[in-house]
Amino acid sequence: MAKIAYYPGCALNERSSHLDRSARDATVKLGFELDELDTWTCCGAVPPVSEERVMNLIAPSRILKDVRDSGRDILITICDFCYNTLKRTNYSIKSDEITRKRVNAFLADDTPERDYLEKDDSLWEDYEGEVKVIHLMEYLRDELGYDKIAGSLEKPLKGLKIAPYYGCVMLRPQNEIQLDDPENPSIIEDFITALDARPVKYPYRTECCGSYLSVSNPDASTRLCYRILTSARNSGADAVVVSCPLCFYNLDSRQKAITEAYSDFKPVPIFYFTQLLSLALGVDCGRQGFEKHYVDVTPVLDKIGVSTGKGDE
Amino acid sequence: MSENMGLAPPKSPPILLTREVVNAGFKQQVNELSGQHMDACYQCGNCSSGCPLAQEMDILPNRIIRLVQLGQRDDIINSETIWICASCFQCTVRCPRGIDIQAVMDALRQIALDEGIDHFGPDQISPELAASVPQPGLVGVYRKLAT
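If you read the protein sequences in the order shown, they are chains C and W.
If you read the first sequence in the working numbering, its first letter stands for residue 1, the second for the next number, and so on.
If you read the second sequence in the working numbering, its first letter stands for residue 1, the second for the next number, and so on.
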């Protein structure tokens with residue numbers, strides 16, 4: 001089975017472990033394996049803007065350099081924040097000579113002092129952005145092909161209406177990310193179609209859910225999520241599909257606060273795209289981590305004839 | 001929480017322009033930190049009309065840019081807007097003049113943080129939230145809103 005370098009990131013390692021597990025299950029079914037890096041650190045979640053903050057580039061650069069040094073040229077991530085940070089860091093290293101030199105000067109200086117890395121006596125080689133950072137969904141679309149997914153379905157999600165939610169950092173800034181059209185994307189719609197479900201059109205799919213404001217200004221995030229979810233629900237969606245742990249948290253857990261603030265609100269179940277994928281590929285429902293969801297997903301599972309098995313326990 | 005539902009105030013308070021303030025180098029500082037050209041903005045307002053958080057802000061994004069052009073440093077670094085911006089890049093994608101407005105917001109936050117104005121500290125987060133928010137949210141908020 002083909003092994004592809006995989007950077008899970010801190011959220012998938014712990015609080016969003018159901019995203020990680022469903023992704024691993026699904027990819028095995030599709031004939032390749034996510035090969036977690038031997039050593040990795042937090043990527044820093046947000047890339048720095050100004051040249052002054054070069055320190056914020058060191059962690060993602062070190063991760064990318066380790067991938068290059070292990071002889072691989074593709075790195076898969078799933079978390080949108082990690083994807084954005086790693087890809088943009090790679091972009092600045094590739095396109096900006098000053099950044100490249102400064103980052104490599106730091107990397108060359110600090111590596112031997114890290115006690116969790118084995119001492120490396122091989123010849124130093126500057127990291128110049130050789131690794132290609134790709135999102136798992138991008139890999140499914142471009143390398144594997146959505147046709148292959150459509151052809152391997154064991155449990156097609158026929159009859160489900162699913163609203164794609166892109167959020168912000170998966171697509172933007174588009175000149176550096178170049179995953180899809182930032183205003184009229186179709187990568188998740190096509191993915192939903194490949195699972196034999198129907199994508200729902202609604203206007204808020206690329207609108208921000210509040211991101212980290214969920215911590216500093218939860219009320220603002222509540223208002224944004226209310227707008228997004230109500231719009232999806234009114235357009236006929238049975239569920240919303242996301243790929244980012246923070247989008248998931250905001251859209252799912254925040255429904256508690258939304259229900260308290262808006263009397264007309266009706267809950268909408270939220271899924272990770274990997275959960276839908278592995279369900280459709282026939283992975284057991286009990287492995288999807290649905291107990292971590294705030295909103296009950298049973299109505300959606302009933303529609304496609306999947307038993308949650310909750311009654312058995 | 002519903003009292004803040006309306007649009008942002010239609011009028012900003014009047015400002016007094018003096019040659020000293022306008023020429024004090026604030027615009028150049030923002031240009032350098034963000035790598036953008038503030039003078040490229042012609043005030044079409046596209047950034048503000050697309051901003052999902054505009055209704056939470058005290059100064060709309062296009063007005064922030066105008067105030068930078070006019071060197072109004074104090075108004076900006078004491079505004080709520082720079083802390084409400086969630087860096088979602090909607091404005092950046094839509095700006096017809098190609099200004100990365102998110103980068104400008106980052107630069108403004110950095111200038112405010114360099115003054116020692118922390119907007120959000122570890123003591124301001126509830127233990128339940130800290131125990132449940134995915135890590136990108138926690139790392140992101142402290143990187144953006146605190147020194």
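Hints may be right or wrong, so weigh each one.
Which residues of chain C face chain W? A few of them, derived with a C-beta cut under 10 Å, are [stated by the list, open to error]: (1) 43; (2) 52; (3) 54; (4) 198; (5) 216; (6) 250.
Hints in this document: simulated from the structure, not taken from any laboratory.
Note that the structure is predicted; figures quoted are calculated from it, not measured.
Glycine included, C-beta positions come from ideal geometry on N, C-alpha and C.
Cross-check of the supplied hints:
1. 43: holds (9 Å)
2. 52: holds (7 Å)
3. 54: For residue 54 of chain C, the interface hint is violated, since the closest Cβ of chain W sits about 13 Å away, which is over 10 Å.
4. 198: violated (26 Å)
5. 216: holds (5 Å)
6. 250: Hint on residue 250 of chain C: holds, closest Cβ of chain W at ~8 Å, below 10 Å.
Violated hints, in rising order: 3, 4; the structure is consistent with all others.
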